[in-house]
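Asker: Line by line, the protein sequences give chains A and B. Quick note on numbering: our numbering labels position 112 of the first sequence as 112, and the sequence is numbered without any gaps. To get our numbering, take the position in the second sequence, counting from 1, and add 372.
Just so you know, the hints here were simulated from the structure itself, not pulled from any lab data. All values derive from a computational prediction rather than experimental measurement. A few of these clues could be false.
To be verified - To give an idea of the interface, some chain A residues facing chain B are shown, with a C-beta separation under 8 angstroms as derived from the structure: (1) Pro77; (2) Asn81; (3) Arg113; (4) Ser126; (5) Glu128; (6) Ser217; (7) Ala236; (8) Pro349.
To be verified - In silico BS3-like pairs for lysine-lysine, Cα to Cα no more than 25 angstroms straight-line: (9) Lys781(B) x Lys214(A); (10) Lys306(A) x Lys214(A); (11) Lys758(B) x Lys214(A); (12) Lys785(B) x Lys709(B); (13) Lys709(B) x Lys781(B); (14) Lys318(A) x Lys306(A).
Where is the CB? At the ideal position from N, CA and C, for every residue including glycine.
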Amino acid sequence: MNKRLTMVGISLLVIAIIYSACAAPAPAPAAAPTPAESAAAAPAAEQPAAPAAQAGSRLDLVKSRGKLICGVNNQVPGFGNVDASGNYSGFDVDFCKAVAAAVLGDANAVEYRYASGNDRFTLVSSGEVDVLFRNSTWTLTRDSAEVGMEFMPVNFYDGQGMMVRKDSGITSLEDMDGATICVQSGTTTELNLADVFRAKGLDFTPVVFEDNDKTYSAYDEGRCDGFTTDKSGLVATQTKLSNPNDHMILEETMSKEPLAGAVFQGDPVWADAVRWVVNGLIQAEESGVTSQNVSEMMGSADPTVKRLLGVEGEMGAKLGLPNDFMVQVITQVGNYGEIYDRNLGPNTPFNLPRGLNALWTQGGILYAPPFR
Amino acid sequence: MATDIRSTSWVNTNHPAPAQKPPASEVGVLGWLRTNLFSGIGNSFLTIVTLIALYFIVTNLVQWLLGAYWEPIWVNRKLFAVGQYPLEQLWQPALVLLMVSLLFGLSAGRWGSIMRNLGVGLGALLLALALIPIGLQAQVVMAASLALLLIGYLIGARIAISGRWLAVAWVLSLPATFVILLGGINLPRLGVTWNFAPLVESNLWGGLMLTMLLAVVGIALSFPIGVLLALGRRSNLPVVKLFCVGYIELIRGVPLITLLFMGMTMLPLFLPSNWGNPSQLVRAMTAITLFSAAYLAENVRGGLQAIPKGQYEAADALGLGGFDKLRFIILPQALTKVIPAIVGQFIGLFKDTSLASLVGLLELVAVGKAVIQQPAWLGVTGGVAKEVYVFVAFVFFIFSFGMSFASRKLESKLGFGKR
């Protein structure tokens with residue numbers, strides 16, 4: 001009896017220890033992940049973990065490290081890929097390069113960290129990566145303290161689309177009453193599809209598959225009248241069909257998928273720096289500053305261009321960046337339009353129309369707040 | 373009254389009857405078919421169904437294999453082999469391969485048995501890679517490794533090198549591998565930074581190299597821990613015993629993927645904050661080692677329990693202390709018994725490392741996933757997923773089958789199968 005009591009006591013103690021070990025530090029990253037990080041990299045690291053306010057921003061950490069750690073995907077054609085020699089490329093990857101060029105003056109000073117769908121936000125909140133550019137949709141939950149992301153300006157407006165056969169006579173969703181539609185199971189795509197069709201009072205039969213490859217194969221075999229997923233994904237998928245030219249993507253967008261970069265919530269200095277790099281890329285396109293003409297534009301009389309390129313206004317200094325940070329970005333990476341064209345534009349297999357991702361002056365909704 | 377049986381007229385006593393040919397349905401191909409495939413209505417039916425199924429499977433498979441688009445694998449062969457390791461520093465992994473080949477050669481010559489089988493397998497693989505035009509430099513490295521393997525074998529077989537030193541060399545080869553791949557030693561905490569080449573951070577290591585590394589480190593580091601746990605589990609000290617049982621059962625009660633996620637997200641929380649964040653590789657290795665140690669402990673416990681009590685008593689009678697008893701009597705016998713089980717565990721672990729792809733390490737499967745989505749294959753009808761996954765499965769099969777074959781030889785040599 002006594003022995004058994006001892007055993008139970010010891011077990012409880014062990015459980016208590018494990019529990020406290022698990023539970024106690026958990027809120028720590030939410031409260032102050034930066035001290036551990038900055039202590040790790042800063043030369044004078046002997047200081048004990050200091051409160052977040054005293055420890056520098058991640059901006060200082062990145063500068064002292066001399067390298068930006070960027071969380072990216074390597075499995076989305078056009079957005080994040082790794083090529084045969086192991087180099088990363090893609091639309092999201094170019095935003096990492098832009099941030100590195102702005103902060104460190106070198107677009108190649110980036111360490112890419114593959115962020116899987118499961119752990120991408122954990123990587124940010126635990127301080128593993130400085131910034132996340134990984135086709136992530138900006139949602140309320142992710143922005144809230146529950147997930148703890150600070151989202152950057154949207155760099156790509158995606159949305160769910162519908163692919164149909166050209167000879168089917170379907171030109172809009174209204175023509176699809178009673179249609180059979182191939183869709184991937186367990187995704188927001190499936191839910192959006194139901195929502196949109198119900199709202200329009202249309203009837204449809206979903207044909208559901210486990211993964212994207214099976215879904216489009218079934219559509220290709222003619223088992224469905226339509227195939228739905230995000231528009232950027234539809235464009236990539238279309239090239240894999242037997243006769244890509246026999247298919248088209250409907251104009252309508254069935255859901256909002258604003259893809260944005262993210263940094264850790266609670267480091268306003270770093271968030272501002274990254275935010276204004278993205279804004280700067282959009283402003284640069286609006287002002288017509290490209291990687292080709294950036295040196296001529298330095299002499300421009302336009303005050304917006306002057307402030308953008310750091311000729312006047314000390315804009316960079318206000319963010320803790322060099323005043324010419326956008327010059328570095330545009331010279332080494334290009335403006336938003338150049339990034340878009342390089343990865344998704346007419347000379348790529350995607351040939352994705354700008355759509356919502358055009359500037360506000362050209363019918364899209366890309367709009368950078370004023371550089372002043 | 374005794375009657376001589378030979379006097380009875382109806383008994384043929386002159387000669388044995390001339391042997392008749394067996395019926396045609398019982399011998400030859402026909403006989404074999406009859407006995408093995410068509411021995412009854414049920415079996416005949418199963419045979420026909422199986423043949424039809426086989427026909428469809430084989431023809432479709434051959435058709436697919438011939439028509440498949442293997443370009444993505446060929447183009448990305450470097451990515452599959454070593455991941456993002458910098459091109460201009462590939463001599464470092466090559467050096468590791470040379471080192472391991474030499475060690476395998478020496479061990480095969482010195483110890484024979486399973487090491488010889490593994491050596492032959494490695495040699496065959498190196499020969500194949502040296503002949504396939506994967507790139508001149510790579511082929512030269514493969515050929516040189518093969519040469520070192522053979523030289524090592526000859527030295528090991530002819531010259532009596534010390535087995536103990538060879539074992540020490542194997543143990544040292546593990547940290548050496550890390551130093552060579554990293555390009556130096558980088559432990560700023562301890563004030564040690566030394567490099568002979570630009571440092572290659574471990575997040576650039578990948579492909580088959582990383583898969584191998586995860587498996588080898590997992591099994592090598594878990595071995596001492598596992599032995600200690602097994603001994604602890606049989607200890608008479610309640611706290612030690614409780615801890616060991618608790619650890620083993622806790623770890624065996626959760627899937628490896630859970631431990632990997634734990635390692636990724638929680639390991640930094642357990643370390644002093646001024647240590648900085650361990651690399652993803654270290655975290656995955658920690659999780660795999662902890663996992664593997666629990667299973668290894670159970671294997672070793674099996675060996676310990678197989679030792680008759682008389683061995684302990686004999687050791688006691690000789691006046692050996694606790695440590696000496698283990699060192700000279702118990703462990704040598706117990707560990708020999710469980711070598712096949714440990715090899716089996718290693719093969720399992722080798723395949724389990726593919727889970728590391730889910731926590732962001734670019735090992736073989738993760739490289740495959742990335743290759744499938746490269747924009748270069750966008751125009752390919754049906755995508756390239758099938759080809760890539762078949763290739764990855766093939767690579768896993770070659771190594772797993774090689775190791776399993778080698779260990780089967782060992783088992784028959786040790787004679788466990790016959791008991």
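Asker: Each of the hints needs a verdict: does it hold here or not?
Answerer: Hints, verified against the model:
{"no.": "1", "hint": "Pro77", "result": "5 angstroms, holds"}
{"no.": "2", "hint": "Asn81", "result": "5 angstroms, holds"}
{"no.": "3", "hint": "Arg113", "result": "6 angstroms, holds"}
{"no.": "4", "hint": "Ser126", "result": "6 angstroms, holds"}
{"no.": "5", "hint": "Glu128", "result": "7 angstroms, holds"}
{"no.": "6", "hint": "Ser217", "result": "7 angstroms, holds"}
{"no.": "7", "hint": "Ala236", "result": "6 angstroms, holds"}
{"no.": "8", "hint": "Pro349", "result": "4 angstroms, holds"}
{"no.": "9", "hint": "Lys781(B) x Lys214(A)", "result": "42 angstroms, violated"}
{"no.": "10", "hint": "Lys306(A) x Lys214(A)", "result": "52 angstroms, violated"}
{"no.": "11", "hint": "Lys758(B) x Lys214(A)", "result": "12 angstroms, holds"}
{"no.": "12", "hint": "Lys785(B) x Lys709(B)", "result": "12 angstroms, holds"}
{"no.": "13", "hint": "Lys709(B) x Lys781(B)", "result": "14 angstroms, holds"}
{"no.": "14", "hint": "Lys318(A) x Lys306(A)", "result": "15 angstroms, holds"}
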